[in-house]
Amino acid sequence: MPPRVPLSVPLRLLQRLGVFVASVVVASLLVFLVASALPGNVAQVVLGVQATPEAVARLEQEFGLDRPWPVRYGAWFAGLLRFDLGRSYLTGQPVLDQVLPRLGVTSWLVGLAMVLALLVAVPLGMWAAVRRRHADGFLASALSQVGLAVPSFWLGILASLVFAVQLGWFPANGYVPLSAGFGPWARHLVLPVVALSAVQSAVLARYVRSATVEVLHEDYYRTARAGGWRTVQALLRHGLRNMSLSVVTVVGLQLATLLAGAIIIESVFALPGLGRLLLDAVAQRDLMVVQGVVLLLVVAVLAINALVDMSYALLDPRLRIERGQVR
Amino acid sequence: MKRAALVIGLVLVAGTVLTALLSLAWTPYDPLAVVPANRLMGPGPGHWLGTDGYGIDLLSRIMVGARIAVLVGVVAVAIAALVGVPLGILAGTAAKAERWPRLVADVVMRGNDILYAFPAMLLAILLAAVLGGSTATAMIAIGVANIPPFLRVARAATLQVSVSDFVTAARGAGIGRFGIAVRHVLPNIAPVVAVQASLAFGMSILSEAALSYLGLSTPLPTPTWGRMLNEAQPYAWSDPLLAVWPGLAIGLAVLGFNLLGDGLRDLLDPRLRESVQ
Amino acid sequence: MTPLLQVSDLRVSFGRPRREVLHGISFSIAPGQRVGLIGESGSGKSVTALAVLGLLSETAAVTGSIRLAVPDGDGPTGRQLEVTTATEKQLAALRGDAYSMIFQEPMTALDPTMKVGRQVGELLGLHGHRIPGGSRSRVLEMLREVDLPEVGRIADSYPHQLSGGQRQRVLIAMALVNDPVLTICDEPTTALDVTAQAKVLQVLDRHFTQRSAATLFITHDLAVLAGVVDVAMVMLEGHVVEAGPIREVLADPWHPYTKGLVATSRLELARPGERLPTVADHFDRSIPVQGLREVPVSWEHRARVPGRPGGGA
Amino acid sequence: KDTSGGHVPANSLVIGATAEPPTLDPTKNNAAAIPQVLLYNVYETLVRVDSSGNLHGLLAQEWQVSPDRRTYTFRLDPAATFASGRRLTATDVKWSFDRIKSPDTSSVLRTQMAVVQDVQAKDPSTLVVSLKRPSNSWLWNMSSTAGIVIDSQAAGDLAATPAGSGPYLVNEWTKGSQVVLARNPKYWATPPRVENVTFRYFSDATAMNSAMLSGDLNVISNVQAPQALDRFSDPEKYTVLQGTTNGEVVLGMNNRNKALSDPRVRQALTYAIDRKALLDSVWAGKGTLIGSMVPPTDPWYEDLSGAYPYDPAKAKQLLKEAGYESGLTLRMRLPTLAYAKGAGQFIQSQLAAVGVTVVIDELEFPARWIDVVMRQSDYDLTIVAHVEPRDMVNFADPEYYWHYDSAEFRRLMAAADAGTPQEYIDDQRVAARVLSRDAAADWLFLLPNLVVTTPNVSGINANATSLSFDVTKASVGS
Amino acid sequence: MSEQPLYQVRDVVRRYGHAARPAVDHVSLDLAAGERLGIVGESGSGKSTLVRMMAALDRPTAGSIRFRDTEISGLPERRLGFLRASVQMVFQDPRSSLDPRMTVGASITEPLRSPLLRRRAGVPADTRARLEEVMAQVGLDPADARRFPHEFSGGQRQRIAIARALAPRPQVLVADEPVSALDVSVRAQVLNLLADLVASEGLTLVLVSHDLAVVRHLCDRVAVMSSGRVVETGTVEQVWSAPRDAYTRTLLAAVPRLPLP
Ligand SMILES: Nc1ncnc2c1ncn2[C@@H]1O[C@H](COP(=O)(O)OP(=O)(O)OP(=O)(O)O)[C@@H](O)[C@H]1O
Ligand SMILES: Nc1ncnc2c1ncn2[C@@H]1O[C@H](COP(=O)(O)OP(=O)(O)OP(=O)(O)O)[C@@H](O)[C@H]1O
Ligand SMILES: [Mg+2]
Ligand SMILES: [Mg+2]
Ligand code: NI
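Taken in order, these protein sequences are the chains called A, B, C, D and E.
With the working numbering, the residue at position 60 of the first sequence is 60, and numbering never jumps.
With the working numbering, the residue at position 41 of the second sequence is 41, and numbering never jumps.
With the working numbering, the residue at position 160 of the third sequence is 160, and numbering never jumps.
With the working numbering, the residue at position 287 of the fourth sequence is 287, and numbering never jumps.
With the working numbering, the residue at position 37 of the fifth sequence is 37, and numbering never jumps.
Simulated from the structure, these hints should not be mistaken for lab results.
The C-beta atom is built at its ideal place from N, Cα and C for all residues, glycine as well.
Any given hint could turn out to be false.
With the C-beta cut set under 10 Å, the calculated list includes, among others, these residues of chain A facing chain B [said to hold, decoys possible]: (1) L14; (2) L17; (3) V34; (4) G79; (5) F138; (6) A142; (7) L307; (8) S311; (9) A313; (10) L315.
Here are some chain B residues the structure puts well away from chain A; computed CB gaps all over 10 Å [unchecked claim]: (11) P31; (12) V104; (13) A243.
Reference listing, derived: stretches of chain D covered by chain B, where coverage requires no fewer than 3 residues with Cβ under 8 Å from a Cβ of chain B [said to hold, decoys possible]: (14) 227-240; (15) 336-347.
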């Protein structure tokens, strides 16, 4: 029996890429089918409540909605191969042109919220873990719990009431692109980012706390302290990287949640982001836009999960595959 | 402090559940009857929490809302867990297996990723078209949307458990894959799943609020906490208490379930059991 | 001479309700002295070791006194630090420098995400020792000292890339890199196979001899102990039940538990197939254990529990 | 330049609005958000409607109607030019009208133009329109989107670049957030006073209020949550204009439902609902009780709000007469809109008191509601605001989702349309009474127009009589 | 050896993932019924891998393993019942080889309730009775069956693991370092127990250890492994007193001894 030959590294990467592409293809079909299955009809929405059935039928024909679904899917998929997401039924514009500027807004919002959540959650969770047998540690845990219990749209409303309306520190809502200057851009993002990250911080803090508790039980942590590091030093030098594995997993997992949360925050703060685009497109049954945005989200989540998988090896050398190395 | 979490959690959860049960038999006022003369009364002896813009007693509405909250939370989490956990265990155990099961596991995981990226709202709209906007619609949509995290968490925990010696020992004892999954993997991943469930419970209540806003959940006029929050929004300036009560109710229930989850995890942790032996 | 370590009436308890696992033990270790600590699993050896460096988990309640001599540069200053009341900062200054510890489990005691050379090296900087040739050269020197091959490659390896014996030697290098005056070894070889164990013991023995450093060496294996230490204490259920020079303890065990231990340890003497002697043959567990109140500082004489020890042959 | 927050730039209007235009071509999409920005401001019509509901010439200096009322001769203002600088001639008007009439446009506006037989540009400033039959509503419709005059030479991508003759140009459209209008430097008539006008869009009413309160806006086009109006009660800081709209909130009753086809049942339901209390509960008492499908700004308006005083006893009596003494169950399918949900809840409770069980079911608006209620008529009761001006005519179509079928009403409406202006008014008034008498629907209330401005803003109409948010007369003090 | 061996291991190779060197490298062994075979070698030499393959808990990359003339290396789990009923295993770490969430009684009787083993010739049908029997056999109080593993000491847990292996009355007991994790005071107890059981039940024994002294005590034949290969086989006394391979000598020399007469 010949020994099984393990795949070489480039081949494994290729295999991974293959799986990714296959997932995207399957996802595109699913996205298309779900979007098509949504009840309601864009022509009716465009023409409004007064429209005659003939007018609606004519518009449907104009949009190509009368063709059978495999044909429509085929056309859409062929476009995808050329990075063409089709044209919005409502505006006639290429979907990609509508999506790209909004992608920026949402990426900033979600990205910064994630960063802020990490900045808050990591110290808070560690504190809650290290001091878990003390009142202050319990308080830190409780604080993170409270963050979970407040709906983010109320947090957004409250934040804009207090910091924009009462104190006038930040604009109540709206967005200016980074190209208009860092200051205005940042000022407009502060409140939405804070409101969006609150729930995330709470969730993350819980994971950081339990990951930290794990580390506190680890032998290498004790070794570090026996070598002369103080509690916090040992945790930072030897705990952080070890914890990062589980935290990164959660960060990857939370990203989809964050995107969903962004839909609400974008409404509360009147930000022209993807979430609102999707919400409007769904409401108006602009299926091309719905398909485009959802596919984009699916690809993003798949890509992020793939990145998370790959980052494991970066964070934990045990998971690296090395030439001539066992495990 | 660990016990404190469990006890507080239990008290809050029991409070919510009992309120829900009580509301089936008794509420101080009819939670649906509009009484124009009583609009926007503050808290007082007649109406402990005051009345809303229709003159309906807020306490009665909060009590009825507990019903939907508990129902949606429990059912959605149950759906997510009942689908996600077995699939997660499947994916976790198959990851180490021969080619075919591994392929199945891969497909499950990729499908999971795709589902994860899918906005729950779309599912809800689709369901609403079939079932009509109802509590069931919301429960199913939220439940399905919650499958991916359960699946992932269960899979990761399964991977850990399935390399442990006692699983190998069980195989040596002639226990098949299914027996191992049910008898060894499931009990040992239970703590992680409990935590995930408590997190998901809180999120479900909040998601229901969002779906009811779009008319995709419990139909009018049944008061839900989410709907009460939404209806309170225009009164944010003039009568902020309208938002405070349902907000508080959601907060306490979510807090209760999270604390309960934490407490359960600690209770189920053999490491901790050992030290109090 | 002031002892490096002076433990008196050390009691440790855990949990709620309190469960005492160390019932008042006392001993001291002088500079250069090699002390062994034997006893069955769960007798409190590790708890003693961790208590000495203040590394017990925060659920532990400690009473009694543990005093560590505070050295200044080369020798003891005569100042002592009371571990039970010291701050984390005071303790951290001593740990890994004058006092160090080696743990049992080489698989998990190293940070899996950091190259081992760095893990050794950072301890040099941590205690502010300026090394003329740079810390890298000192790290390599240290790795060489613990008999590791290809020290350059090993320093650049992650723990998982090393074998158990190699990892344990890295841990030893970490513990010894700052030339401690006392090293606590908590079962440093139980996780190793016989060949790796032999190497590690050899390295430790050489180091202690060369530096005339003191050690508190914990094991449950008498055969291991015999090659390393001069004097030994026997622990049982949180008490020290016997102490004295190692040869005397082995040659003429006094406490029934020790007798049983010596008998079972000599596996190679037993004829194949024949029933092995066990501790239980010598020692009746139902009789409550009494501990020594004190171990003589000089360790010259055997110390034994007053009165009749419990049961057995 | 930072126009989206902090302070509103000098001599500018920043107007908060709720729905964003999906496209900038008002003839291709029926969304009300498009004429809100463009009508009168960017595109002009031959005639326009003022804040009291009367027609005046805009591009047309004057017009004559032939004795058979089928031929309209418009004299265009010779000064009128497009933003491109080109003179606006009768040919452009003809081009614009023909464009809407053309069979390959699917625009709903086509039905409004359907009555037109022929459009002729006699000379550059004379336009002759002949109708198939006399129609008063046609001229009225020409004051709205159907009547806009497009620059036939500059009409390229109208969805993105409007080509009109109005005092403003679309300067910038940031999708998802705002449309910015800038003064048309070549405007042919009196130039407007305000330099820049920004329409900012908020999907969340509270967010819009916050923006106003923090000084990012100086106008709220229409407060969507009147409960929050108290916040703007300080006259030092805010001016609140309270006017009327064309938005009748209609409790639609499906006349194809057996019970609801009986006028006594419809009347009973109307008696059973306390509309004053409903308005207080649902819309903070803002708005007007009307009693028929006519807002007070229409010339044939008369107050019919007292026709069915709140009288549960009478309601029960009528139900008994109609044979529903033992109860009646009706399915109310509501769009997911704040006023509809509120009113639905209220009505359910009050109808329960007279023995009518209402089962509520919410439908996503617009997609689902239009499909289920308007197209399939699969409902018993529903609530929606009809915001089009002069839309009483919908009751004349038995196929329309109410399925109100009254020969008398149809005859009156036809006569009104074909009659003289005075007959038009008289017949419409009678028709409105017929609707009220038959309780064809229950007109719950008329949505108010609640405009909030900073005190330095003036020239904004309190009443919304057209679909336009007209800023041509606005000015901003310092 | 006149009769057919129970186990025939031929040229077995096992390579993990992308490892450069196989963990088990062309190993061939025979095991006769009633024989007691010791496998010694340093850590990582492939001992565990080899016995796991013999117990069909792992598949060889190449080579063949026959048990009672049936090839077992490619068999799916559901057809392994005959092997599982005959071959049972005891693992090194008594902490991790028992499910912390299962009572000791349930753990011990698990093999009896297995669908693969139930109703096989020789496998006891009366679960309760067999539980009490094996617990008594390994010196545990049957009343403790309702307790959980963490309530027992290491030595006791290893007895539980042994009881579990004995429950289905196997012919072969494979013990992978059953005493390495135990403290010396209980090591002798467990070894005595194993010796008694092997004798009284007439078991065939495969014992893995890194300590030749342990193997010498229980086994009659020994295989020395190094780097995945078997470097020496022979009777225990032969290897103990006159090792032929240099590696075996190192192994022997490394065993610490008490410096006493
Ligand atoms: N963190 C802790 N919490 C509670 N009990 C503990 C803790 N650490 C140790 N113990 C208990 O203290 C006792 C002594 O344990 P210790 O670890 O010192 O034993 P040992 O002699 O080192 O045994 P071994 O040879 O197994 O390492 C045991 O009964 C143990 O259960
Ligand atoms: N699941 C696995 N995946 C990858 N490599 C493995 C795995 N199990 C064992 N190995 C490797 O195979 C080799 C042999 O391992 P095995 O466990 O059989 O050795 P052993 O002789 O039992 O050692 P020990 O005495 O430490 O138990 C080692 O190099 C080990 O690292
Ligand atoms: Mg120990
Ligand atoms: Mg092994
Ligand atoms: Ni700004």
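### Query
Taking the minimum C-beta separation from B/A243 to chain A, is that value above 10 Å?
violated, 7 Å
### Query
For B/V104, is the shortest beta carbon distance to chain A beyond 10 Å?
Correct as stated: the minimum Cβ-Cβ distance to chain A is 14 Å, above 10 Å.
### Task
Examine the segment 227-240 of chain D: at least three residues should have C-beta closer than 8 Å to a C-beta of chain B.
With 4 residues closer than 8 Å to chain B, the segment 227-240 of chain D meets the three-residue bar; holds.
### Task
Return the status of the interface hint for A/V34: holds when the least beta-carbon distance to chain B is below 10 Å, violated otherwise.
Holds. Min distance 6 Å.
### Query
With 10 Å as the cut and Cβ atoms as the points, is A/S311 at the interface with chain B?
violated, 15 Å
### Interface hint outcome for A/L14 [beta carbon to chain B under 10 Å]
Not OK, violated: A/L14 not within 10 Å of chain B, min 16 Å.
### Message
Just to be careful: measuring from the Cβ of A/A313 to every Cβ in chain B, is the smallest value less than 10 Å?
### Response
Constraint on A/A313 not satisfied, violated at 16 Å.
### Task
Report holds or violated for chain B covering the segment 336-347 of chain D, Cβ cut-off 8 Å, minimum 3 residues.
holds (count 7)
### Query
Does A/F138 pass the interface hint, meaning its C-beta sits closer than 10 Å to a C-beta of chain B?
With a minimum Cβ separation of about 5 Å from chain B (threshold 10 Å), the hint on A/F138 holds.
### Query
Measuring from the C-beta of A/A142 to each C-beta in chain B, is the shortest one below 10 Å?
holds, 8 Å
### Message
Please verify that the nearest CB of chain A lies beyond 10 Å from B/P31's CB.
### Response
holds, 22 Å
### Message
Given a cut of 10 Å on the nearest C-beta pair, is the interface hint for A/G79 held or broken against chain B?
### Response
violated, 20 Å
Against the hints set out earlier in the document, violations occur for numbers 1, 2, 4, 7, 8, 9, 10 and 13.
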